[in-house]
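Given the structure of chain A, go ahead and fit chain B onto it with the hints provided.
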Amino acid sequence: MIYEGKQKIWSEYQKEIPDDHYFYVRSCIRQSFFPASEAAFLDITRKKLGKDIFETEHHTTCGGIAYHSDAIPQETVMTIIARQFALMAKYGYENYVCSCITSFGLYCETLETWREFPELQKKIAETLWKTCRLDFAKPKYIVHASDLIYHYRNQIAALAKHKLINVHTGEPLRVVEHIGCHYSKMFPSKGVGGAEYPYVLAGMVEACGGTVVDYPERRHCCGFGFRQYFIKANRGYSLSNTYKKFESMEPYHPDFIVTNCPGCPYFMDRWQYVIAEETGKTYGEGSHGIPVLTYEEMMGLVLGYDPWDLGLQTHQVGAEPLLDKMGIQYDPERKYLGAKGKDIGRPACPSCIR
Amino acid sequence: MRNNVLIIGGGPAGLEAGANLQRLGYNVLLVEHSNTLGGHLGKWDRLFPGGTPASAALDKLLGSMDGVKCFTDTEIQSINRLGKSYNVILSNGITVLADAVLVATGFDLFQAEKKEEYGYGIYDHVITNADLELYFKTGLDTRINAPRKIGFVHCVGSRDEKSGCRSCSKVCCATAVKQACEMKAAFPDAQIYCFYMDLRMFGRHYEDMYLEAQRDYGIRFIRGRVAEVSENIDGSLSVKAEDTVSSKPLKVSLDLLVLMAGMRPSVSGQRIGSLLGMQNEKDGYFEVLSEITAQQRSSIPGIFLAGAATGPKTIPDTLADARGAATQIDKYLSDIFPKAKDLKQLIKTAW
Chain A
1 MIYEGKQKIW SEYQKEIPDD HYFYVRSCIR QSFFPASEAA FLDITRKKLG KDIFETEHHT
61 TCGGIAYHSD AIPQETVMTI IARQFALMAK YGYENYVCSC ITSFGLYCET LETWREFPEL
121 QKKIAETLWK TCRLDFAKPK YIVHASDLIY HYRNQIAALA KHKLINVHTG EPLRVVEHIG
181 CHYSKMFPSK GVGGAEYPYV LAGMVEACGG TVVDYPERRH CCGFGFRQYF IKANRGYSLS
241 NTYKKFESME PYHPDFIVTN CPGCPYFMDR WQYVIAEETG KTYGEGSHGI PVLTYEEMMG
301 LVLGYDPWDL GLQTHQVGAE PLLDKMGIQY DPERKYLGAK GKDIGRPACP SCIR
Chain B
355 MRNNVLIIGG GPAGLEAGAN LQRLGYNVLL VEHSNTLGGH LGKWDRLFPG GTPASAALDK
415 LLGSMDGVKC FTDTEIQSIN RLGKSYNVIL SNGITVLADA VLVATGFDLF QAEKKEEYGY
475 GIYDHVITNA DLELYFKTGL DTRINAPRKI GFVHCVGSRD EKSGCRSCSK VCCATAVKQA
535 CEMKAAFPDA QIYCFYMDLR MFGRHYEDMY LEAQRDYGIR FIRGRVAEVS ENIDGSLSVK
595 AEDTVSSKPL KVSLDLLVLM AGMRPSVSGQ RIGSLLGMQN EKDGYFEVLS EITAQQRSSI
655 PGIFLAGAAT GPKTIPDTLA DARGAATQID KYLSDIFPKA KDLKQLIKTA W
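Note that the protein sequences, when read in sequence, are chains A and B. Mapped onto the working numbering, the consecutive letters of the first sequence carry residue numbers 1 to 354. Mapped onto the working numbering, the consecutive letters of the second sequence carry residue numbers 355 to 705.
Everything labelled a hint here was simulated from the structure, so no lab data went into it. Keep in mind that this is a model prediction, so the values were computed, not measured. For every residue, glycine included, the Cβ atom is placed at its ideal position computed from N, Cα and C. Heads up, some of the hints might be wrong.
Sample of chain A residues with no beta-carbon within 12 Å of chain B, all distances over it, derived [to be verified]:
id, residue
1, Tyr-3
2, Lys-6
3, Lys-8
4, Ile-9
5, Tyr-215
6, Ser-248
7, Gly-280
8, Lys-335
9, Lys-342
Lysine-lysine pairs mimicking DSBU-like chemistry, simulated, CA-CA at most 35 Å apart [stated by the list, open to error]:
id, chain 1, residue 1, chain 2, residue 2
10, B, Lys-605, A, Lys-244
11, B, Lys-524, B, Lys-685
12, B, Lys-636, A, Lys-122
13, B, Lys-438, B, Lys-491
14, A, Lys-232, B, Lys-602
15, B, Lys-516, A, Lys-123
16, A, Lys-138, A, Lys-15
Isolated chain A (complex conformation) (with noise of 0.2 Å):
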């Protein structure tokens, strides 16, 4: 592997990234799969970096599900999400920053199209006027909330608690990037690093003191896709891409995931319940699976977040080996303590997977 080949195309692929006042949206899924990490991105950005970051109750979802099961035509996807825009200028807003990958993806392509055939832009503000009476309206800059912790590695890695290092070993941790497909797949440009060997999350692995593994199906799909998963009679699919994967990336023993798309650390964290269940493999050190986990999960352990606060409580794969080898102390026995103490209740315990 030739790192100074990648360093060249990293250079090619930089895409402008505003340093502050952003409307930011949330993703449907990312809520009830890892619901602290869309806090943590907005305390981290808000209250350590001290940034603008602008949300309103009233934004929805960009439709994104929905049009990739072909549940809605294109048109009606563009209403929303000329809708979301619409808030933004509204509130007084030109940068824009979502929380999810599949909304990033639609939002790129919705910008082309619009690029592309400017009747069908004006026919989209003309149904926006008359379904919300809202004025139509376009981000200066759109950028994924990844890109923007991206943006600002460099200061959350000055305000580090813990580095990507093994504290037992003084080495850095051997961490598997993984980025959601509509991330840069459909517009490299897009991305930070382009679609063949993204920069966005090894940028931060990087600035945190970590190193980044590079394996054969690294740019292999989680295994979520919306028909592997949404069809029932799919899963198979969904599932062997997963196992793909893991059988790909375990030689070279990664102490941990970090991911960028709503769908992907969800699959490669409960997949591998799964895989284990059925086949009795696991992947991980002593059999405890490999943790995953979202860019604001990463950097909020960096940052010295409690562990529970992140939400790392509602991964399959416990954290705790890699919070070990962080030299993050926790309390075990907060774990399942939800807000005000409230036990949460404990999973099943898996046989396979420790």
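Relative to the frame of chain A, chain B by itself:
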């Protein structure tokens, strides 16, 4: 009075045209921006279909250049029309009044790293056709270490809209077959795969070479494009492709992958084109006056073209094109400078 002809480019087209124009009695000046004559031919080992040593072909071309004034490491600083001629200032300070200019600026190899999914410049054992020729010439390349499984990817930067190169590079199919056979000869135990879209074996003896590759060398031809390449933990390459004949995806581990980088318009040639105000066609190569009857003429009087400056060509096609350009220049100068033609005829007759 002998007319001055300026040739821009010291590759096979420029050399062949220069030798022919000199023989026709013109005062020929050849300008080459690099430090050697021969262009890509100087970096190649053997030529298809018969395996002619490139050095022998180049030596023959260079050996015919007696009397041609060659300036290497020299750029065209400016070029302006002055009456019927062109006033040319060279980077070495020399000024030339050229009565005709032949643009023989050749081509650049497609930069294989632009096909990012193939990992050239990133994975240790991905090389290009040019790298392999250099290895054949020198025997030196640390990336080639007794490979047991070798792949050739055709059409890298050719017939590929995604990389902005729609046209066929014409020579890569035959080069891949030639190189595959050479690698099999060098490493008899190796399994060799060629991933192709379709094989364009258009030239004389090319089809025979292709059949020999299958029959005598056991090269496996797989019709399908390579989708992605990655590196295994042992440094070997994991290559994913589609076998469109059997309609199945394919994944194979290889020790070496050779990318058949295609031809692209020469960047330095485009600079010359800008100085002269020449037009390009959609494929980026220079426009010709007529693609059927005047392939060596540009739309600008006195400016001629030869070789790969007007599109991908094999070496024999390039040399034929250069000879055609020499004939066209001779005709043009005879028409435009009739007295000079008479003088030339007189000299010839006197001798």
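Next on the checklist: Hint by hint, where does the structure go against what was stated? Just the numbers, ascending.
Outcome noted: Hints 1, 2, 3, 4, 5, 6, 13 contradicted; others consistent.
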